[in-house]
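2 protein chains.
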Amino acid sequence: MPKGLKSTPQSDGFRMPGEFEWHEGTWMLWPTRTDTWRLGAKPAQEAFAKVAKAISGFEPVTIGVTASQYEHVRSILPEEIRVVELSSNDAWMRDIGPIFIKNDYGEVRGINWGFNAWGGLSGGLYYPWDQDMQVKIKVLEIEWKDRYDCRHVILEGGSIVVDGEGTLITTEQCLLHPNRNPNLNKVEIERYLMEYLNVQKIIWLKHGLINDETDGHVDEIVAFIRPGVVAISWTDDPDDPQYPILHAAYEILSVIQDARGRQLEIHQIPIPQQILLTEEETRFIDRTYSSYQRDKGLQIAVTYVNFYICNGAVIIPAYGDANDCKALERITQLFPERKVLQVHTREIALGGGNIHCITQQQPAP
Amino acid sequence: MPKGLKSTPQSDGFRMPGEFEWHEGTWMLWPTRTDTWRLGAKPAQEAFAKVAKAISGFEPVTIGVTASQYEHVRSILPEEIRVVELSSNDAWMRDIGPIFIKNDYGEVRGINWGFNAWGGLSGGLYYPWDQDMQVKIKVLEIEWKDRYDCRHVILEGGSIVVDGEGTLITTEQCLLHPNRNPNLNKVEIERYLMEYLNVQKIIWLKHGLINDETDGHVDEIVAFIRPGVVAISWTDDPDDPQYPILHAAYEILSVIQDARGRQLEIHQIPIPQQILLTEEETRFIDRTYSSYQRDKGLQIAVTYVNFYICNGAVIIPAYGDANDCKALERITQLFPERKVLQVHTREIALGGGNIHCITQQQPAP
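Sequence lines, in order, name chains A and B.
Counting in this note's numbering, the first sequence runs from 32 upward without gaps.
Counting in this note's numbering, the second sequence runs from 32 upward without gaps.
Pulled out of the complex, with its shape left as it was, chain A reads as follows:
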């Protein structure tokens, strides 16, 4: 029976597994905001569907859709993808959905963090976010999973990455941003991460990418391949605005030890050319007061490390960029035991995120 527990995951022996550990399945949401997604969200929906189909070749996928889209979505997706009614304000399951944790006996639970649409009324991306706030509970209810409520701490899943063996990487820009948890200092935030994700070592990068709407989510910069091994977004061009950020991140990661005392093995994945919103791409986006303005010339941060690791596969972005092939090649080398599939995701990127941002893994029992 689903219950809100009064203890903490750490005290109960639960930890957040690495994304590369075995999944029960993947959760996604269906994009519909016409002030985020152009052309009535139809091109984005097509891209989301492609990502879902790619993952569903390897593990069960569930997509949450609002009631009015249910019949349509059920009719266009293959039967092996589960469609459930699940309202949300937008479709970033990584940030809106629950983080799942498990113990050594294979029990799985979830964490119900607070959420404020990436900054609330001071720089957040839209208002209101009332439906998003219910998504974590709704997912856990469908799965009959108990939960730990920690709604007084704002935390998005994309702002952290973990190795499942005690190490967490995040950015100061996001987790210490005054529009997230202004009442908590760094030590207090570390304590919550340790207690709820059961990590022992927190590696703080300074900044996320320039032009990242989320105030610097780490999942655009770095991903754990497996414990002790990370991929990092990279450029060798000193004129690229992302250059100083990525090199600063590299410097930190290259000298620090993880929770088990290992030196990290770091693999550089070149970034593609960053996106500038075109006239064509902004023409049919609804303008509303209560959401982030997406006008011609808006710069959008894009990378390949915002990929998603599922059972036996890795789903990575493609942009029609010169680096698409190089990224595919490097990431394929990093995952010799998995298939690496590339999905064109510019339409997802136009909304401010990518494959990792729109997925959330549920670990296998």
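It is possible that some hints are incorrect.
Which copy is meant is left open, because identical chains are indistinguishable; a pair holds if it fits in one copy or across any two.
[What the hints assert, rightly or not] Below, a list of computed lysine-lysine pairs in the BS3-like style, where the Cα atoms sit at most 25 Å apart:
#1 Lys34 x Lys84
#2 Lys232 x Lys327
#3 Lys37 x Lys84
#4 Lys34 x Lys232
#5 Lys81 x Lys34
#6 Lys81 x Lys176
#7 Lys357 x Lys37
In short, the hints are calculated from the structure, not lab data.
Please arrange chain B on chain A, whose structure you already have, making use of the hints.
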């Protein structure tokens, strides 16, 4: 993975179990129609919650609610009741939800019958019923259950009762009603019941109760206690308008053999005084063109056999009627191995049904 199957339950060895067989859990919906339920549906919601709580003492209960009610419902129901987002036009899960079937290996699937709000545009209870039509699929998706689509046949769960051993009881008034399946004759309807519910013997009663909005659902008249044993609604008062109907049903049941060649053992359960809607009870019902009019003096059929059998218990209605105790006593005698709990359900009855109408069992694997 949930799939629409092309075969039939009969050909695949699936049958509809008796309600008294072991359940995985119970499905319900949350009432909100303010043109069905008085006072913003709040008194009905309270009664539904009491039924849910009673059942949840014995088996897992899931309640489907529309997005706008989710937060409220989650906050007022105990944690052991699962709340999922699930839109519907009204809250009669017996009729709107899927009928579950299982095979000898314990696999469970569902049937996606057609639904037209108890008569469509010719005597149905409201328009539209678009959300109701999606409930069966949504429930089966949440449970990852495969389904048999039979949407060209209109069938409500409350219009049939089965013994799980090949016998089905129904009424001609409902199943042969021209507003249900005008293109199918009795033989064709029997064939669908046999193919999809895997029954071999169909017992046809003539009429359902007078004043039954559903065109004579059998679940107000008769319930299987176990194979070979039924409870029947009863009155010995020849002036009671239900008298000829119940006596005619009794005559049929008392001479017929079930699918296994047994003579049925029939137990009479006295009906309570039938309900007349009061001025007070109709004052705060919204008036709409597209739903059944509920005015002062409307007569509503009520019985005790519209109870619900769950694991280890039977939940039966109470009305504050002189027969409440007698019904409790008799039904308790019929279920020596179960607890029998009584819940006051006048507020549910005002909407046209009772405990059996608002529940749907999911058999255990």
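Q) Hints broken by the structure, by number, lowest first? A) Violated hints (numbers, rising): 2, 4 and 7; every other hint is consistent with the structure.
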